[in-house]
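Make the full structure from the sequences, and use the hints.
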Amino acid sequence: MNLEDWKSQIKRGTLAYCILLMIRKKARYGYEIMSELESSPVLAAKESTIYPLLRRLLKDELLSSYWQETAEGLPPRKYYTLTEEGKICLDAMSAEWEKLLQAIALIDK
Amino acid sequence: MDKILENYLEKTDKYLKPMPAGERADIIKEIKSQMLQLETEKHLTPAQITERLGSPKELAKAYLGGSIAKDSSFSLRKLCCIAAFAGLAGGSIFVLPFTSILSAALLVSAVIAPVCGLIKLIGFLAGLDIPFIMFQFGSYTAPPLVVFPLSLVFGILFFLAGKGLWKLTIQYVRALSRSKSAINAFDVNA
Numbered sequence: 001m002n003l004e005d006w007k008s009q010i011k012r013g014t015l016a017y018c019i020l021l022m023i024r025k026k027a028r029y030g031y032e033i034m035s036e037l038e039s040s041p042v043l044a045a046k047e048s049t050i051y052p053l054l055r056r057l058l059k060d061e062l063l064s065s066y067w068q069e070t071a072e073g074l075p076p077r078k079y080y081t082l083t084e085e086g087k088i089c090l091d092a093m094s095a096e097w098e099k100l101l102q103a104i105a106l107i108d109k
Numbered sequence: 001m002d003k004i005l006e007n008y009l010e011k012t013d014k015y016l017k018p019m020p021a022g023e024r025a026d027i028i029k030e031i032k033s034q035m036l037q038l039e040t041e042k043h044l045t046p047a048q049i050t051e052r053l054g055s056p057k058e059l060a061k062a063y064l065g066g067s068i069a070k071d072s073s074f075s076l077r078k079l080c081c082i083a084a085f086a087g088l089a090g091g092s093i094f095v096l097p098f099t100s101i102l103s104a105a106l107l108v109s110a111v112i113a114p115v116c117g118l119i120k121l122i123g124f125l126a127g128l129d130i131p132f133i134m135f136q137f138g139s140y141t142a143p144p145l146v147v148f149p150l151s152l153v154f155g156i157l158f159f160l161a162g163k164g165l166w167k168l169t170i171q172y173v174r175a176l177s178r179s180k181s182a183i184n185a186f187d188v189n190a
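Protein sequence lines, in the order shown, are assigned to chains A and B.
Mapping the first sequence onto our numbering, position 65 (from 1) lands on 65, and the numbers just tick up by one.
Mapping the second sequence onto our numbering, position 4 (from 1) lands on 4, and the numbers just tick up by one.
Please note that the accuracy of each hint is not assured.
Computed list of lysine-lysine pairs in BS3-like fashion (alpha-carbon distance at most 27 Å, straight line) [to be verified]:
| # | chain 1 | residue 1 | chain 2 | residue 2 |
| --- | --- | --- | --- | --- |
| 1 | A | 99 | A | 87 |
| 2 | B | 32 | B | 42 |
| 3 | B | 3 | B | 42 |
| 4 | A | 25 | B | 42 |
| 5 | B | 3 | B | 29 |
| 6 | A | 26 | B | 29 |
| 7 | B | 167 | B | 17 |
| 8 | A | 59 | B | 14 |
| 9 | B | 163 | B | 17 |
| 10 | A | 59 | A | 25 |
| 11 | B | 11 | B | 29 |
| 12 | B | 3 | B | 14 |
| 13 | A | 59 | B | 32 |
| 14 | A | 7 | B | 57 |
| 15 | B | 14 | B | 29 |
| 16 | B | 32 | B | 11 |
| 17 | B | 14 | B | 57 |
| 18 | B | 57 | B | 167 |
| 19 | B | 42 | A | 26 |
| 20 | A | 59 | B | 163 |
| 21 | B | 32 | A | 26 |
| 22 | A | 59 | B | 57 |
| 23 | B | 3 | B | 17 |
| 24 | B | 57 | B | 17 |
| 25 | B | 17 | A | 59 |
| 26 | A | 59 | B | 11 |
| 27 | A | 25 | B | 29 |
| 28 | B | 17 | B | 29 |
| 29 | B | 29 | A | 59 |
| 30 | B | 167 | A | 59 |
It should be emphasised that the hints constitute simulated quantities derived from the structure, not laboratory data.
Structural data, given as structure tokens:
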């Protein structure tokens, strides 16, 4: 089994979950999301992964977005927030994640 | 804004052509915002930024792949997206044009066949023979009254075949963009 392959599969499967978790508490913009993911190398991903993923979550109506101008000549930022549907989905994901961890712990005993 | 970055955005925009204009503008605006923040906050040079973002082609492909795979409904816009994606994804040059165009042709036939059948039927009832519409299968030529029901049956068959093939196309794109993003996700810090 290819370890790198396995790692990237895990990342792919959990990236959407991590992003939804990050946005749950407050609205976030793309650069902020990327920087926070980058601070943990296990989760770090490229622009060409994160931005299309955010767009997909928007289209699936788990997220909504708005543009906000920033002061002192900085570029405007696109903020993302969770929709009602996004909250429901995130709760279901958290429950599933919990189940997965328990199941692994049980096998590992 | 730096010339290198402007150039990068222009190229990406060009590759995103098959997407709706509003969506495209929003994507470019967001990438631009990301670039400027990388510049001011991480102090990267324009060359480092474009290196980090990957080629405009790769970036556009990631967006196109995502928007095709979203659902399996058929639209002309999507057909164009698939054509563009196939061009960027390379490799599978043969499969995508074949399945997507054939399924589009089948779906069009699914509409045309019953319409022609109906015209033939109306013509027949009005006492006209319409020689350029007929149902022929091998050496068998259907009598005018049977043409309409037969065309309906074939219309439905065309529709089912076209739809099935379209679904396959979407699944293929999905699998393709998955295998690509698996590679993409990894080498960010490499």
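### Task
Go through the numbered hints given earlier and state which of them the structure violates, listing their numbers in rising order.
Violated hints: none; all satisfied.
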